[in-house]
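Engineer: Take the given structure of chain B and dock chain Z to it, following the hints.
These protein sequences, in sequence, are chains B and Z. The C-terminal position of the first sequence is numbered 747 in our numbering, with every residue numbered one higher than the one before it. The C-terminal position of the second sequence is numbered 1522 in our numbering, with every residue numbered one higher than the one before it.
Incorrect hints may have been included.
So the derived list for chain B, only partly shown, Cβ under 10 Å to chain Z, looks like this [claimed, not checked]:
| hint | residue |
| --- | --- |
| 1 | Glu483 |
| 2 | Val491 |
| 3 | Phe560 |
| 4 | Ser606 |
| 5 | Ala609 |
| 6 | Ser616 |
| 7 | Cys624 |
| 8 | Thr629 |
| 9 | Val632 |
| 10 | Val634 |
| 11 | Gly642 |
| 12 | Ala655 |
| 13 | Val668 |
| 14 | Pro670 |
| 15 | Asp677 |
| 16 | Val679 |
Since the hints were derived computationally from the structure, they do not count as laboratory data. Yeah, the Cβ is synthetic: ideal placement off N, Cα and C, and Gly gets one too.
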Amino acid sequence: MSERPKLAVMKFASCDGCQLALLDLEDELLTVARAVQISHFAEASSHLEPGPYDLTLVEGSITTPEDRHRLLKLRADSKYLVTIGACATAGGIQALRNFADHDEFMRAVYARPDYIETLATSTPVAAHVKVDFELRGCPIDKYQLLEVIASLLAGHRPRTSTESVCQACKRRGTVCVVVTQNLPCLGPVTHSGCGAICPAYDRGCYGCFGPTVQPNTRALSDHVLLPRMASDQAALALHGINAYAPEFARGGQRLWQLAGLPKPLHPSLDASLETSLDTSLAASSATEPASS
Amino acid sequence: MTNTLPTDTEVAGMTPAASFLPRSALQTLLDLLLGQGYQVIGPRLDQGAIVYDSLERVEDLPAGWTEEQGPGLYRLQRRDDDALFGYAVGPHSWKRFLFPPQVNLMRSQQTDDGWRMSEVVQPVVRYAFLGVRACDLAAIAVQDRVFLQSGFVDKVYQQRREQALLIAINCTMAAATCFCTSMGSGPRCQQGYDLGLTELPSGFVVEVGSERGAALAANLPLEPLQDEQDQAAERARQRAVDDIGRRLDRDRVQTVLRERLQHPQWDAVAERCLSCANCTLVCPTCFCTSVDDVTNLTDQEVIRERRWDSCFNFDFSHISGGPVRDQTRSRYRQWLTHKLTTWVDQFGTSGCVGCGRCITWCPVGIDLTVEATLICQDQDADAETRS
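Just chain Z, with the same shape it has in the complex:
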């Protein structure tokens, strides 16, 4: 297997004792990354939300901000402290950096000897992601399976992924839309990161997750971890666990959902669903694209372009004779059953990591956990409820 990534935590015997990075030294970490040629991407306030974007200064981070989330609802709110990472997850996922919305793949040019085709050379980008949540680590692992470990290697993703440095932040709170505990993906960052941080008022408990992370840690002004800091971090992480109220019976859904293809709830959800595709584009694991050959007026050049696409688009399943999934009902059913069940057959893992983005960013507030639960609930119990 040639696709094993250097960020694997299964580096033999590597669980060095955690240490402590004072808050005043966080800028040193940013400077170190910038000095090594990384483009640092992390949380910033923008457009009324906490998005992921380029940053260089600790002051760029959303100190003292958090958010309220619900189905179809996101509002920034002030915290009563100045925590830098005191929020859950925002509208963006790291997908837009590792798997960009639009890429040119190939160019064909008309020459005297006929068409000449050439691959478009992708720019080398070195990202350092600051503030990766456990659900996002799980999502990146899912996309690793799809793009690197399933027989096909996506070169655009591979280049960006191999270069990327992941600095994870353990959640110390949860949004009302979070359900990572149900999907087994969080909130504790277990693996897949280079450095793992837990934020305390005075600084960060630092865990090293890879050789690259260890090399970085060696250049940081780390202090030995005190017992009380360790315990405070544990309590902070437990708060996130306790905060999560949303549940999904993953195992039941995985087995039952695919047997309920004619359930009336599919019609009910299609009445509300706009088929606008927001859920799939905010989903950190959805990977569908369309590839088009783009001509120009001179007929001398054709560019092969790849863009994010969605199974909610009417044309997405278009084959000879028309679209296979030509109703919102069948498109929603395709998305949900793939995400929660057949994804497991295909990639050996669920396509859902419980980040809740599809719930928050649905304009009409359709809730995946509610829909899947309704469709999978015991039909006898269902009959009783209705009678």
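Isolated chain B, as found in the complex:
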């Protein structure tokens, strides 16, 4: 009898909400447990087996030197490494420190900051190791997680559309809150996956799933956000849960600048962000014929 693939769930700087999505798969959990051997999942069981693992789900961002070391070892131990959630995929809400002075933060929070050993930045897993698939969301959608596990086991790409949140609104019949209620909304530049929950409850999209492919954050800022909110509020809208996702990071910086409150990135990150942006642009301009 062939062994079931070994699944591990690992955590770095995060709130555990994305791991809970796996436990929250109540009706499907037994099927998951039959399809894979859950080898390491501290949130669910204290029985922890060492690697190697066939599929490792990684939650959380990298914020300490020790975490970085642990991640490198984990990568070596994993056949597939999949990040789950905004922290592991974009640095999370804690990546706001990337636009601020973390020493100052530590002095404000801790009585003895000298006891704390931390990195100056919060970065996504992909900034440190090769990632096989990034699942978006804050938190992730449990059915998308199921799709990722099922498709990797079946050997095909997960079926997680890169379309905007708007399309989920349209399919479920939600009337646009930008057009009818004059609300600011990140939906047009945000990756789908949540099922467009917030607009169905008269809220604009908060961008929990991060930027979609080629997000036009500049046009969204100028024509959707700024006519409806002050520029510092608009900057906060982009610099939220996915603040360090490259397009939201740059879009937010532009808005802070407009508000007269420039927020430069930590010097160690500026260049790497440019590289990520360049990569996404290069991927998107390969076949377009030159304009005459």
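Structural biologist: Showing chain Z alone in chain B's frame:
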């Protein structure tokens, strides 16, 4: 041709004199439809808009409400009367009922004898649409061409379409985004309906457009149409014509747009366009879908699922090597040129019916009529304007 639909108005010699349905008898019409097993879909107030949804009572209709529309703008407003159909068009079109956003088409199951495939049996739905505008009739006719009359028959659409009863309402006002007069699709309902109504304060002028409509009319407490009612209805319909200020030079756009593929305006519009696909999903004729085989964990079953898709999606034109239209500029250009020009080559009709939904529901207010006009305007005149 086996796809001719029973709602065709070319039923020989059938132009019976119009009659009058008192407003107090509108509930009788609804009861009659519900009694015949129809699910009645019509205008209702919901989510700050007039949407199309199930209704059973006249009280469900948006009495006394209208809307203000503009590029990227929709606001409900009170009317100074209690008209039931005193609005233009809302965020929904009938597309979502005839061509649903998501359908399961096929199921494959792993058996001892290998995979067994079976078609997913679609539920039989009988819709009666109440309040179909002329532009929407034109849009349904466009989708008929696409799904029934172009060599391929879409069975999901066909079943819903053949069952559907269309009760049209002539517009007596227009929104600022309407341009049906430019597209030759309205505002007068000419064909494609079962019953056609024009609303007056005391009731509805009723025209019969099909045998099915005639059978329905025979069971309604109709009164003979008075001359003054006829004239009042004509004046009301003319108000809609007079209200329409937006123009598009359809013929010029049809010939010129496809020659302007390198026009700088494509870049200008791409600077504002979010590529969010709202325009295509609110468009009553856009028909693109993606079909996926959805696996599950047990590896025992695969469902083939169809969902609304859009040419604005980055992945939509993905072929070996990457997406063909990998910039917003090329995606917007694809949409506009298809909608307004190559659609004619493909289906013998424009893909645009002038309903204006893509203008209203664009979050940044991009206006198709403005963009197409700018791109197609005389280049000499354009040069003069710039100098």
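Engineer: The structure should be examined with respect to each hint, and the outcome stated for every one.
Structural biologist: Okay, the hints, checked on the actual structure:
Here the hint on glutamate 483 of chain B is kept, as its CB sits about 7 Å from the closest CB of chain Z, short of 10 Å. Given the 10 Å rule on beta carbons, the hint for valine 491 of chain B holds: about 9 Å separates it from the nearest Cβ of chain Z. Given hint, phenylalanine 560 of chain B at the interface with chain Z, is violated; its Cβ is 34 Å from that chain's nearest Cβ, farther than 10 Å. For serine 606 of chain B, the shortest C-beta to C-beta distance to chain Z is roughly 7 Å, which falls under 10 Å, so the interface hint holds.
With 10 Å as the threshold, the beta carbon of alanine 609 of chain B comes within range of chain Z, its nearest partner Cβ sitting at about 5 Å, so the hint holds. Interface restraint check: serine 616 of chain B against chain Z, minimum CB-CB distance 7 Å, threshold 10 Å, status holds. Checking cysteine 624 of chain B against chain Z: minimum C-beta separation of about 8 Å stays under 10 Å; hint holds. With its C-beta approaching chain Z no nearer than about 7 Å, threonine 629 of chain B sits inside the 10 Å limit, and its interface hint holds.
For valine 632 of chain B, the shortest C-beta to C-beta distance to chain Z is roughly 8 Å, which falls under 10 Å, so the interface hint holds. Here the hint on valine 634 of chain B is kept, as its CB sits about 5 Å from the closest CB of chain Z, short of 10 Å. Checking glycine 642 of chain B against chain Z: minimum C-beta separation of about 7 Å stays under 10 Å; hint holds. Below 10 Å, beta-carbon pairs count as interface contacts, and alanine 655 of chain B has one with chain Z at about 9 Å; its hint therefore holds.
Taking 10 Å as the C-beta contact cut-off toward chain Z, the hint placing valine 668 of chain B at the interface holds, the least distance being around 4 Å. Given hint, proline 670 of chain B at the interface with chain Z, holds; its Cβ is 8 Å from that chain's nearest Cβ, closer than 10 Å. Because the smallest distance between the Cβ of aspartate 677 of chain B and any Cβ of chain Z comes to about 8 Å, under 10 Å, the interface hint for this residue holds. Annotation: valine 679 of chain B was flagged as interfacial toward chain Z, and the flag holds, the nearest CB pair being 5 Å apart, inside 10 Å.
Consistency with the previously given hints fails for number 3 only.
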